[in-house]
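Using the sequences and the hints, build the whole thing.
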Amino acid sequence: MERSFFARSPSVLIFISMLALFTLLVTVLSEGMGGEVISTSMVKTLGKTLCLCLVAIAMDLVWGYCGILSLGHFAFFGLGGYMIGMWLMYARTEIIVAASLANTELPPTPQEIKDAIGTQIFGVVGGSDFPMIWAFADSLALQLLFVVAVPGLLALIFGWLAFRSRVTGVYLSILTQAMTLALALHLFQNDSGLRGNNGLSGLQNIPGAQDIPQSVLSVWFLWASAFALGLGYILSAWVVSGKFGSVVRGIRDDEARVRFLGYHVESYKLVVFTLTAVIAAIAGALYYPQAGIINPAEIAPIASIYLAVWVAIGGRGRIYGAVIGAAFVSLLSTWFTGGQAPNIDLGFYEVRWTDWWLVLLGLSFVVVTLLAPKGIGGMFDRLVRK
Amino acid sequence: MLRALILFATILWPIGLSAQTTDLQTLLKENRSAVEKASRKTVDVVLAAMIDAGLPEVPVFLEKWRDKDVWQRKEDGLFFFTKTEDKKTYQLIDVSTGNVVGEADKKALKNLKPNSGVRGVIATALVQFQLMDPSLSRRMEGIRSIERDPEAAHLEPLRGSIDGEDNPDLKARKVRLERLLTLRFDEDDAARITAIEGFKGDLGIDARAALNPILATKTIAIAGEVNTALNVAETLVPGKDISIDAAYELLVSTDLAPSAVTKADIKMALTANIVDGQIAGVNVGTLGSDAAREEAYIKLAAMGIVSPLVSKVDIDAALSSHTFLSVFSEPSKTVTNAAIETLGSINTAVGINQTADLFLDGLSLASIYFLAAIGLAITFGVMGVINMAHGEFIMMGAYTGYVVQLFVPDYTLSIILALPLAFGVTFAAGVAMERLVIRYLYHRPLETLLATFGISIALQQIAKNIFGTQARPLTSPGWLDGALVINDVVSISYIRIAIFILALIFLAVLLYILNKTRLGLEVRAVTQNPRMAASMGINPDKINMLTFGLGSGIAGIAGVAIGLYAKVTSELGADYIVQSFMTVVVGGVGNIWGTLLGASMIGFLQKGIEFLNPSNTLAAQTYMILFIILFIQFRPKGIIALKGRATEA
Amino acid sequence: MSSLLEVSGVFVSFDGFKAINNLSFSIDTGEMRAIIGPNGAGKTTFMDIVTGKTRPDEGKVVWGSDNVSLLKMSESQIARAGVGRKFQRPTVFEDQSVRENLAMALRNKRSPFSVLMYRKTHQDAARIDDLAEEIGLTADLKRRSGDLSHGQKQWLEIGMLLAQDPQLLLIDEPAAGMTVAERDHTTEILKQAAKTRAVVVVEHDMDFVRKLDCKVTVLHEGSVLAEGSLDHVTQNQDVIDVYLGR
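One line per chain: the protein sequences are A, B and C, in this order.
For the first sequence, numbering that gives the first Met the number 0 begins at 0 and goes up steadily by one.
For the second sequence, numbering that gives the first Met the number 0 begins at 0 and goes up steadily by one.
For the third sequence, numbering that gives the first Met the number 0 begins at 0 and goes up steadily by one.
Treat each hint with caution, since some may be false.
Stated by the list, open to error - Computed beta-carbon distance windows for the label pairs:
hint : chain 1 : residue 1 : chain 2 : residue 2 : range
1    : C       : D56       : B       : I500      : 42 to 52 Å
2    : B       : F633      : C       : N20       : 25 to 35 Å
3    : B       : A122      : A       : V123      : 42 to 52 Å
4    : A       : G201      : B       : V225      : 53 to 63 Å
5    : A       : S99       : B       : E150      : 53 to 63 Å
6    : A       : D380      : C       : N235      : 55 to 65 Å
7    : B       : Y439      : A       : A340      : 26 to 36 Å
In short, the hints are calculated from the structure, not lab data.
C-beta atoms are modelled at their ideal positions from N, C-alpha and C, and glycine is treated no differently.
Okay, here's the thing in C-alpha cells:
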C-alpha cells in the first residue's frame, strides 16, 4: 500500500548523495590522504561543521517542527562532549602516566597509577582525588553509553517537569535557558569534578591511536561526523514525514486542538525533546574530539541562542534548512572572526571584521526574522516551486 | 609583684602629687646603680620610687628611657636627655625642666640601654601614666594599645584610671575594657565568672575575642588513669571524633608509640635496598602491589635492615590502650563552663542579628533585581513583548552615566544629570526598536525573542567596540560612601540604601502611572483589548510605542544605579537578563506587585543560599535557578496569577 | 439509565464571577440537543468543563454507562473516552493537507510510539474517503487545509470529529459566518451524525436551531432556565424576559 520512505522523500536521497560526495571530495583533497589542497585544520573545521549541522537538525526538530524554542540544546551538545571527553582525557593520561612510571625502580601499584592520573588531571583545580562521576571514566563503552544516557536523562526529567505543568512558549524558552545557565554555572565551579573553567583538554589525542597523525585522524572524524549527520538526517526526515510528524506539527500550530483529538501532547513533546537532546549529545561527542578542548563557556546560554539563530537563518521546519543555516553561518563566522575577511577602510575609520562581525550577524538576524521568516530554506523552496 | 606595686602607687597618686619633695635627678641619683644596670628584677624598685614621687616629668623620662634616649655623664653620674649638636658634641637637657643645661663630648657620656625585659616593664608602667594623662588623645592611645594587645599587667592600672576619668565615652570604654581584662586575667575565679556572665548576649567582636581563648583546647593522649585535675572538654573516640591517623600521629609525637610505616616509607626503604634486581630475595618486578611490597618489607625487617612494620593490629592496640582527651588550657572548670554558656548566648544573639543583616542584604539584592526587572515587567508583562535586549538597555544606561562623568567631574551633579539622560537615551532606543522591529512581530513572541536577541548581540558588540573590553568606573558621590553601622554584626552600605530608595520610588511612580494617569488607563485598555481600545479613539500604535519606551527608559535608570556598585562592562546587562526574566516569571506576568514579590523572593533566596554556603556563590546561583525551575512547576503562572478568561486569550 | 452525560450541581467562578451556578442536566445516548442562551450564560464554560479544560469548583460530571467521573481525567483522556469537541472558530491544522488532518483524527492508538510506527492501512484509507464524501471534501483531500474556504474548514473540523468516532459531539456555533447553502449542508451533516451518536450544539441562531428540530436547553447566568422543544421554550416567560430584556 505505502510507498517506501525514500521514494516519498526524494530530498533525503539528494542530501545523502551530496553529503557523500562532499565527504569523498574533502577526503581526496585532504592533507592526510595526500591531496595537499585542504589543510588538516580545515578538515577539522569541516568535520566540526558537520557536527554543528547535526545539532542544528535536532534544534529544527524540536523548534521548527514541535514549536519548542529550546535554549538548552547546546547544553546537551556540551554534555555529550564532556562525557566522551572524560574517557579521552582519562585514557590518554593513563598512557602518559604508565610511560612515566615505567622507569621507576619498583613497578607501580594500581593505587599509585590512579593517584598519578588524578594529580595530572585535577592538579589545575588543586585536587588529586577522583570525584564520583569519574568512576567509569576508564571504560569507553560506559562513557559512550553516558554520552546518550546523561543528556537524555536530563532532558527527560526537565521535559517531564516542564511539560506536565504546561509551561509553553517564551516561558518554556526562558526555563530552558535557566537550565542551561544552571548547568554552565555548575560546571564553572572547581569542585564540579570536571575541572571548573579549565574544562577538559587534549581531546584531539585519541588513546590507542597515538601513532596515527592528526591529518589522518581528522579525516576519520570527518567520516564519522558525516555518517552521523547522514543517519540523523534520515532519522529526522523519517520521524517528521509520517503521522507522528503530522501530530508534532499539529502541536506546534495548535496544542489544545491536538489535545482534544485525544493525543497526550505532553508525551509527544517529551519524546521529541529527549530524542533531540540525544541527537545533540551525539553531535557534541563527535565535535569535541575535533575541537580538542571543552569548557563550560561552550555551554553558556548564548551558545544555544546561536543555535536557534542558525536554524532561523537556514529556515525552520525544513531539515535541510537547519543544515544550510548551521553550515553557512558557522563557516561564515569562522571566516570573519578568523581575520581572513578583508577589512574595510572608510578613511576616517577602519571596519575590522573581527570587531564588527557580531554586529553584522546580530542585525542580519533581525533582518531575516522580519523579512524572511522562513530563512534561506524558504527562498530555496520558492525557487524550486517556480 | 609589679601589679601590686602599681596598684599601691595608683592609690597613692594624689598624695604623691602633693608630697612633691624631691626632684627627679635626686631620685635617680639615689637609685643610680639600679638605673645604670637595670634588670627585670631590680627595675621595679626604681619605678616604684619614681611613681611614689609623683613627679609630672616621670612619664617623659620613662618614655625616653624605654627608647634608649637617656644618657649619663660619666664624671658625676647625672642623667640627661640629649640633642645632637654635631657628631661628637651633644647638648645636655635637664630631665626635669627640659632646658638645655650644657654640652658634652660624646665620649664623656654613657647611653642607658635597658634590655627588652626592662623595656617591657617600663612600657607597662607607662600605660598607667598614659591612662591618667591630662591629654584625652594620649589616654585614648593608651586604651587603644591595651585593646590591641591586652596583658594581665594592664588590668590594675586600667582599674585605677577609671574613677578619675572625666570623659564619659572614654570612661565607658575603660569600664568595658576592664571587664574584658578581668574575665581573662583576674586571679580570682569568681571575679572572672562575674565578668564573663556580664557579657551574655553581647555582640561585640572584642567580647568573643576575649572569651574564645578561654575555651582553647589541645588534644592529648593519656595512658592509664585520667588525671582528675585536668579540665576535660571532651573524650575523643578514635575513628569518630578524631581520625585514626591523627590519633596515632599524636601517640607517635608524644613518644607513646613507634612511628607508623607509611606506604611511602615502605617504597623508600625497598628502593634503598635493591640488590641485583632483588629485595630480600624477592624479584623487584613482582612488587606492583601494596601487599607484595609489605611482604618484602617484612622480610627486610626480619633481616634487621629496617624498623619493623607497625601493623594495623599494633595501631589498634596502641589506640585502645590510650585515652584521647580534648583539654582546656584554662584549668578552672567553672570558668570554662561560664564561658561556654556566655558564648552560647552570644552566638544566639549574633545569630538573630545575622538574620537581620541577611534580611538587609536580601532587601538590597531584591531592590537591584527589582530595578533590573521592572522595565522588563512592563514590556514583557504588560505588553507581552519579550525583549532580550533589555539587559543591553541597562548597559546603555550605565555607559551613559560613565560618559556623563567624563564631562562633569562633580560626582553628585553628574549622577543627577545621568539619571534623566540615561532615561532619555534608552527611551529613544526603545522607541526606535519598537518602531523598526517589534511592531512587526506582535503576536509572534518566539520571533520577537530571536529578533531582540539579534539586537542584543549587536548592541553588546558595538559597546565593546566603542568602550573596549575593560571595565569602566562609574563613581558614586562621596556622601554615598561608607555604611550605616547598627552594631558589630548589622550594617548596610549607603549605596544599597540609595538603591533601595530608588526602587521604592520606581514602584510608586509606576503604580501611579499605570493606575492613576490617562496613559496608564490607555495602556491597560490596549493590553486587554486593542481593537476595542482603537474604536474608543486610543491609538494603540502610540501607546505601544510609549509603553515600550517607558520600559526601556526605566532600564536605563536602573543601569546607572547598577553601574554605581558594579563595574560597567559591555556584559553588564547580560549578567542580569536571566535573573530579570526569572523575576518577572516567578512574580507573575502583567503585575508590578508580582515583580516586586518575585524580586523579593529571588533576592532573599539567593542571599539565604549564599549564607548557607558562603564559600561558593556559583553554587548558590546554581541552586537558586534549580529552585526557580521547580517553583515554576508548581506555580506556572507565578506568585500572582491572573485567573479566568483573560489568561487563556 | 440511558443517560450518556450527567452534569449535576456544578459551580465555577473566575475571580468572584460565577460563570456556572448550580448547573444540572443530562444528555441521553444518541440524543441531539441544542443549547442556547445569551452571552455570558456559560455555554462555552460548560463545554470547557466537559472536555476537561476547566475544573469546576464543585459538582459532578458523570460519563457513559460505567458512570465514570470526567473530572479526574485529562483533556486527551476525555477525548479518547469518546467526547469530541468543535471550537467556535474553525481550528484545523492549516499547514497540513485535508487528508493529513483527517488521518490524525482517525480512531487509532494515540501513544507516541505506536504513532511513530504507524503504517497506513486499507481500512483507514477507505474510512478517510468515506468521511471526505460525508463532508463534501472528496475533491480537496490533497489540498492544504489553510487554503479551504471558511465553511469547508468548518466541515473539515466536523469531519475530524466524526473520524474520532465519539459517542458525544460538542459543537460550538457551527453556523456562524456561513452562507445559507453552507448552513443547510451543515444541518445535514449534523443530523446524519446524530443518528449514531449524541450531538450537543451550542448556537445563537434560532433559525438554525429550528432546522435541527431537537430538544433545547436554555442557559442563563450559569444555570438551566428552561428545557423542552423550541416552541415550548420560546413561549416561556423567563426566556422571553432574558432575550428581550426586562
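Results of checking the hints against the structure:
Checking the proposed 42 to 52 Å range against D56 of chain C and I500 of chain B shows it holds: the Cβ atoms sit about 44 Å from each other. Our hint of 25 to 35 Å for F633 of chain B and N20 of chain C holds, since their Cβ atoms are close to 30 Å apart. Hint check: A122 of chain B to V123 of chain A, Cβ distance near 50 Å, so the stated range 42 to 52 Å holds. Restraint check, G201 of chain A to V225 of chain B: a C-beta distance of roughly 58 Å satisfies the suggested window 53 to 63 Å.
Our hint of 53 to 63 Å for S99 of chain A and E150 of chain B holds, since their Cβ atoms are close to 57 Å apart. For D380 of chain A and N235 of chain C, the hinted distance range of 55 to 65 Å is satisfied, since their beta carbons lie about 59 Å from each other. In this structure the hint that Y439 of chain B and A340 of chain A lie 26 to 36 Å apart at CB holds, the actual value being about 30 Å.
When held up to the earlier numbered hints, the structure conflicts with none and fits them all.
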